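Colleague: Sequence:
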Amino acid sequence: MSSEITGITRANEGIQGISWNILGQTYVPKSKTEHSFSWHATLPPGTFVPPHIHPDQDEYLYMLEGKLDFMLGNSEAQATAGDLIRLGMGVPHGIFNKSEQTAKVLFWVSPTKKLFDLFWGLHNMKEQKPEDVVAMAAEFNIHFLPPPPGAG
Numbered sequence: 001m002s003s004e005i006t007g008i009t010r011a012n013e014g015i016q017g018i019s020w021n022i023l024g025q026t027y028v029p030k031s032k033t034e035h036s037f038s039w040h041a042t043l044p045p046g047t048f049v050p051p052h053i054h055p056d057q058d059e060y061l062y063m064l065e066g067k068l069d070f071m072l073g074n075s076e077a078q079a080t081a082g083d084l085i086r087l088g089m090g091v092p093h094g095i096f097n098k099s100e101q102t103a104k105v106l107f108w109v110s111p112t113k114k115l116f117d118l119f120w121g122l123h124n125m126k127e128q129k130p131e132d133v134v135a136m137a138a139e140f141n142i143h144f145l146p147p148p149p150g151a152g
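Each residue of the sequence shown is one higher than the one before, counting from 1 in full-length UniProt numbering.
Please keep in mind that the hints were generated in silico from the structure rather than gathered at the bench.
Any given hint might turn out to be false.
Said to hold, decoys possible - Each computed EDC-like pair below joins lysine to aspartate or glutamate, with the alpha-carbon atoms no more than 16 Å apart:
id, residue 1, residue 2
1, K30, D117
2, K104, D69
3, K114, E34
As the list claims (entries may be wrong) - Per label pair, the in silico range of CB-to-CB distance:
id, residue 1, residue 2, range
4, A77, S3, 33 to 43 Å
5, E76, P45, 13 to 23 Å
6, E4, N74, 34 to 44 Å
7, R86, L23, 14 to 24 Å
Please read these numbers as outputs of a predicted model, since none were measured by experiment.
Glycine is no exception: its CB is placed at the ideal position from the N, C-alpha and C atoms.
Based on the provided sequences and hints, a complete structural model is requested.
Modeller: Have a look at this one:
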């Protein structure tokens with residue numbers, strides 16, 4: 001993997017014009033090196049990222065707009081614009097937009113590992129059936145868990 005290229009990625013652009021549709025959300029990759037991968041995510045009302053674990057990545061979210069509910073380990077929390085969410089390696093977490101407004105978030109992970117490739121794979125699925133998403137994610141070392149009671 002190459003080193004970071006100095007420059008500006010504009011607000012409505014991603015790496016090489018890429019935009020992924022994953023589980024009803026739009027992900028636009030902003031930067032990618034061996035050490036870090038970032039993307040802008042738009043999460044419409046009612047969408048969620050099922051509970052999962054990154055065994056070998058730290059994940060961060062910076063809330064730009066909206067409100068999200070989180071499962072963080074064994075607890076629940078909410079975050080709004082301006083909040084930073086820190087998700088340590090191996091900690092189970094899930095992300096839920098239970099509000100009536102779209103949430104916009106800057107995500108990043110460190111190190112990158114295989115997450116960029118997983119997003120391509122999920123985006124390219126003809127139909128993102130839960131069992132197929134779970135199976136593919138496991139191949140890329142992201143492990144989904146059963147949803148908590150009342151999720152979604």
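Colleague: Would the pair K114 and E34 pass a check requiring their Cα atoms to be no farther apart than 16 Å?
Modeller: holds (10 Å)
Colleague: So the hint says 33 to 43 Å: do the beta-carbon atoms of A77 and S3 match that?
Modeller: holds (35 Å)
Colleague: In this structure, is the beta-carbon distance linking E76 and P45 contained in 13 to 23 Å?
Modeller: Given a distance of about 18 Å, which is inside 13 to 23 Å, the answer is holds.
Colleague: Holds or violated: the 34 to 44 Å window for the beta-carbon distance between E4 and N74?
Modeller: holds (36 Å)
Colleague: Indicate whether the distance between the beta carbons of R86 and L23 respects the range 14 to 24 Å.
Modeller: holds (22 Å)
Colleague: What's the verdict on K30 and D117, does the C-alpha distance respect the 16 Å limit or exceed it?
Modeller: holds (14 Å)
Colleague: Hey, K104 versus D69, does the alpha-carbon distance stay inside 16 Å?
Modeller: holds (13 Å)
Violated hints are absent here; each numbered hint is respected by the structure.
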